[in-house]
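**Student:** Take a look at the letters that make up each chain.
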Amino acid sequence: MTVWFVPRDAAALSVGADDVAAALETLGEQVVRTGSRGLLWLEPLVERADSRNGTRVGWGNVRASDLSESAPADTANNFLGVVEELDYLACQNRWIYERVGIIDPVDPDDYLSHGGMAGLQRALELSPASVIEQVTESGLRGRGGAGFPTGIKWQTVAEQAPVPHKGDPVDAARHKYICVNADEGDSGTFADRMLMEGDPFCLLEGMAIAAHAVGADRGMIYLRSEYPAAIAVMSEAIEKARDRGWLGQGILGSSCNFDVTIRVGAGSYVCGEETAMLESLEGRRGTVRAKPPLPAIEGLFGTPTVINNVLTIASVPSILARGAEAYAALGQERSRGTQVFQLAGNIARGGIVEVAFGISAHELIFGLGQGTKSGRPLKAVQVGGPLGAYLPADGLQVPMAYEALAAQGAMLGHGGLVVFDDAVDMSEQARFAMEFCVEESCGKCTPCRIGAVRGVEVIDELLASDAPETAEQLLRDLCDVMTQGSLCAMGGLTPQPVLSALDQFPEDFKRAAHRNADAVQGVVHE
Amino acid sequence: MESPIKTTEQMATLKGLIAPIADREPGPVLLCLQAAQAHYGYVPEGAVAVIAEVCNVTRADVHGVFSYYSDLKKTPPPAISVRLCAAEACQAVGGRALAAAWGEACAADANLATATGTDEPVFCLGNCALGPAALVNNQLIGNASVDTLKSAVEAAQNAAEASL
Numbered sequence: 034m035t036v037w038f039v040p041r042d043a044a045a046l047s048v049g050a051d052d053v054a055a056a057l058e059t060l061g062e063q064v065v066r067t068g069s070r071g072l073l074w075l076e077p078l079v080e081r082a083d084s085r086n087g088t089r090v091g092w093g094n095v096r097a098s099d100l101s102e103s104a105p106a107d108t109a110n111n112f113l114g115v116v117e118e119l120d121y122l123a124c125q126n127r128w129i130y131e132r133v134g135i136i137d138p139v140d141p142d143d144y145l146s147h148g149g150m151a152g153l154q155r156a157l158e159l160s161p162a163s164v165i166e167q168v169t170e171s172g173l174r175g176r177g178g179a180g181f182p183t184g185i186k187w188q189t190v191a192e193q194a195p196v197p198h199k200g201d202p203v204d205a206a207r208h209k210y211i212c213v214n215a216d217e218g219d220s221g222t223f224a225d226r227m228l229m230e231g232d233p234f235c236l237l238e239g240m241a242i243a244a245h246a247v248g249a250d251r252g253m254i255y256l257r258s259e260y261p262a263a264i265a266v267m268s269e270a271i272e273k274a275r276d277r278g279w280l281g282q283g284i285l286g287s288s289c290n291f292d293v294t295i296r297v298g299a300g301s302y303v304c305g306e307e308t309a310m311l312e313s314l315e316g317r318r319g320t321v322r323a324k325p326p327l328p329a330i331e332g333l334f335g336t337p338t339v340i341n342n343v344l345t346i347a348s349v350p351s352i353l354a355r356g357a358e359a360y361a362a363l364g365q366e367r368s369r370g371t372q373v374f375q376l377a378g379n380i381a382r383g384g385i386v387e388v389a390f391g392i393s394a395h396e397l398i399f400g401l402g403q404g405t406k407s408g409r410p411l412k413a414v415q416v417g418g419p420l421g422a423y424l425p426a427d428g429l430q431v432p433m434a435y436e437a438l439a440a441q442g443a444m445l446g447h448g449g450l451v452v453f454d455d456a457v458d459m460s461e462q463a464r465f466a467m468e469f470c471v472e473e474s475c476g477k478c479t480p481c482r483i484g485a486v487r488g489v490e491v492i493d494e495l496l497a498s499d500a501p502e503t504a505e506q507l508l509r510d511l512c513d514v515m516t517q518g519s520l521c522a523m524g525g526l527t528p529q530p531v532l533s534a535l536d537q538f539p540e541d542f543k544r545a546a547h548r549n550a551d552a553v554q555g556v557v558h559e
Numbered sequence: 161m162e163s164p165i166k167t168t169e170q171m172a173t174l175k176g177l178i179a180p181i182a183d184r185e186p187g188p189v190l191l192c193l194q195a196a197q198a199h200y201g202y203v204p205e206g207a208v209a210v211i212a213e214v215c216n217v218t219r220a221d222v223h224g225v226f227s228y229y230s231d232l233k234k235t236p237p238p239a240i241s242v243r244l245c246a247a248e249a250c251q252a253v254g255g256r257a258l259a260a261a262w263g264e265a266c267a268a269d270a271n272l273a274t275a276t277g278t279d280e281p282v283f284c285l286g287n288c289a290l291g292p293a294a295l296v297n298n299q300l301i302g303n304a305s306v307d308t309l310k311s312a313v314e315a316a317q318n319a320a321e322a323s324l
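One line per chain: the protein sequences are A and B, in this order. Taking the numbering used here, the leading residue of the first sequence gets 34, the next gets one more, and so forth. Taking the numbering used here, the leading residue of the second sequence gets 161, the next gets one more, and so forth.
Calculated from the structure, these hints are not laboratory results. One or more hints might be untrue.
[As the list claims (entries may be wrong)] 20 angstroms max Cα-Cα, derived SDA-like pairs, lysine to any residue: (1) B:234 - A:317; (2) B:233 - A:382; (3) A:199 - B:199; (4) A:199 - B:254; (5) A:324 - A:472; (6) A:199 - B:187; (7) A:406 - A:436; (8) B:166 - B:199; (9) B:233 - A:192; (10) A:406 - B:254.
Using the sequences plus the hints, can you model the full thing?
**Tutor:** Written as structure tokens, this is what we have:
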């Protein structure tokens, strides 16, 4: 029997994958729904397994209307050949994403037969201290953006005694928590979503390993409401994991008790900041907490809490299974292992690229991504989400790694690269960065709450003025105050996109200033 | 607009809905608001007081949470919700122009405007390589255009009629 594979990933669904799967089934074909391989410009990407050796060949951009009479043929124009030999995939080094796009995400047997649970089994054979040692040795750092060493965070939580919920008169039991931050709000990032939709058991396995390592009994996934498909897949996976004994009492026959629940966000970007996330998980307004106390010591409901990004936790099973040394051998400086890069925006071949740290932005965008989707010249790339810097076209040789980017006044963030062509007006992007901060600031600290509002006003002044130097100086002062005085990265990093736009693309601000001044005076340009 | 939480029975309905949450979950206020919204389509007047009572917190506490989160609504939603992504990755592929064109399409077509109500932008739907992205009810749309949005709205309307 021929088996066909059609993604159920939200990106594939957004361009008709459900219709394609239905059309194949109408033809009497057997269809397995998978995650996406991450070659998003080819979605819906349909694959067929060779009945002899299981090798999978694929077709790109399949339309349901092409399948009214027969299944895709090897002679079709959109035939891709062996999927894993495509250059975009062949050059990748997949650790976190090793199963995504290959397996049925909610089939535990498929998970097991593709190496799933090997990491947790290995971890349960080790003492908690040895697991933490492995994570530390791997050099794994937080993939949410801050890049804090994961092993040190886990060690801190492991050293704390579990405590009862603060101020909870009903539940006197002592707890520690593993909280997964799946509030992936940065524009240009979708790796958390695709992992949760494509290999949810991997995240649960990583959480169980963390629980064993630090002695936590409870897990929570804070998942944003904008990801309904991910919520559905994760929820189904949790049910199935409980049925298998992968969660609950005595995981895999060990003495480890650990269960996971999902809490859904409510549309607040700043809740991706870890302390705001804790507030939201506790059912309150998602405002930022001052640190200390560190969440590792006093986190969710006052208990010692590991807070890690989805990709951080999902890295752990393969690190345990394949060895910390092999992971640490990848990358450069203190950026070890692999990073899941996300190519987004105006790019010809957008998608997921998991490779070792150190690849240049240029190689990612022009080598793999093949430049802009519009075919126009590239003007800027925003790296690391809405709080990340804009790099100019001639600044893309920088290696994608924590230290190298920091040296350029930029940051890796969650690994997203958003490409803009020459139609973009960078003064508009700078203004948007401030507007976004106005919209999403939690309001707790003044530099962010008031600063963002003033930021929009000052940029407007700058653009309308015929003597913009004063306004520019004011804007730079304001950015300094926001950077130095804000409580968290929301206000603290909003100046990054603003100042990088101003520094790298000053002509856009002048042009806009002239245009606006002319408009005031009634001058008409051709 | 008549709130569906006025009579004692109506209050009891909401209590029945949220009391199990408050009993089971630590920090239940946001969960209760979300449960109320899932049931009514929005958080009706009167719900805040009931949630405050069940969770044993002040109305001000509940109102503070309610007013903080942009997902939580004070009024019933439109028949079809259309949310265009307003974030950078979609801006890079004409998101602003699409939003303007969609606004014009709605202005020109009263039926469309009534069905979809006021469009609320959303910051990032996680479909950043296939932008502009939009969410029509719970259906994610990639490479969105006014035409694909219109057909998605139509499909959602047909689905709603079929389920009646």
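**Student:** Is the Cα-Cα distance between residue 406 of chain A and residue 436 of chain A 20 angstroms or less?
**Tutor:** violated (30 angstroms)
**Student:** Given the hint that residue 234 of chain B pairs with residue 317 of chain A, test it: the Cα-Cα distance must not exceed 20 angstroms.
**Tutor:** holds (18 angstroms)
**Student:** Has the given pair, residue 406 of chain A with residue 254 of chain B, been kept, meaning a C-alpha gap of at most 20 angstroms?
**Tutor:** Holds, because 12 angstroms separates the two Cα atoms, which is no more than 20 angstroms.
**Student:** Are the Cα positions of residue 199 of chain A and residue 199 of chain B separated by 20 angstroms at most?
**Tutor:** violated (31 angstroms)
**Student:** Does residue 472 of chain A sit within 20 angstroms of residue 324 of chain A, going by the straight-line distance between their CA atoms?
**Tutor:** violated (24 angstroms)
**Student:** Are residue 233 of chain B and residue 192 of chain A close enough, with their CA atoms no more than 20 angstroms apart?
**Tutor:** violated (43 angstroms)
**Student:** Would the pair residue 199 of chain A and residue 187 of chain B pass a check requiring their Cα atoms to be no farther apart than 20 angstroms?
**Tutor:** holds (11 angstroms)
**Student:** Within 20 angstroms, alpha carbon to alpha carbon, are residue 233 of chain B and residue 382 of chain A?
**Tutor:** violated (38 angstroms)
**Student:** Starting from residue 199 of chain A, check that the Cα of residue 254 of chain B is at most 20 angstroms away, please.
**Tutor:** Given that 20 angstroms is the threshold and the Cα spacing comes to 48 angstroms, the pair is violated.
**Student:** Mind checking the alpha carbons of residue 166 of chain B and residue 199 of chain B for me, to see if they're no more than 20 angstroms apart?
**Tutor:** holds (16 angstroms)
When held up to the earlier numbered hints, the structure conflicts with 2, 3, 4, 5, 7, 9 and fits the remainder.
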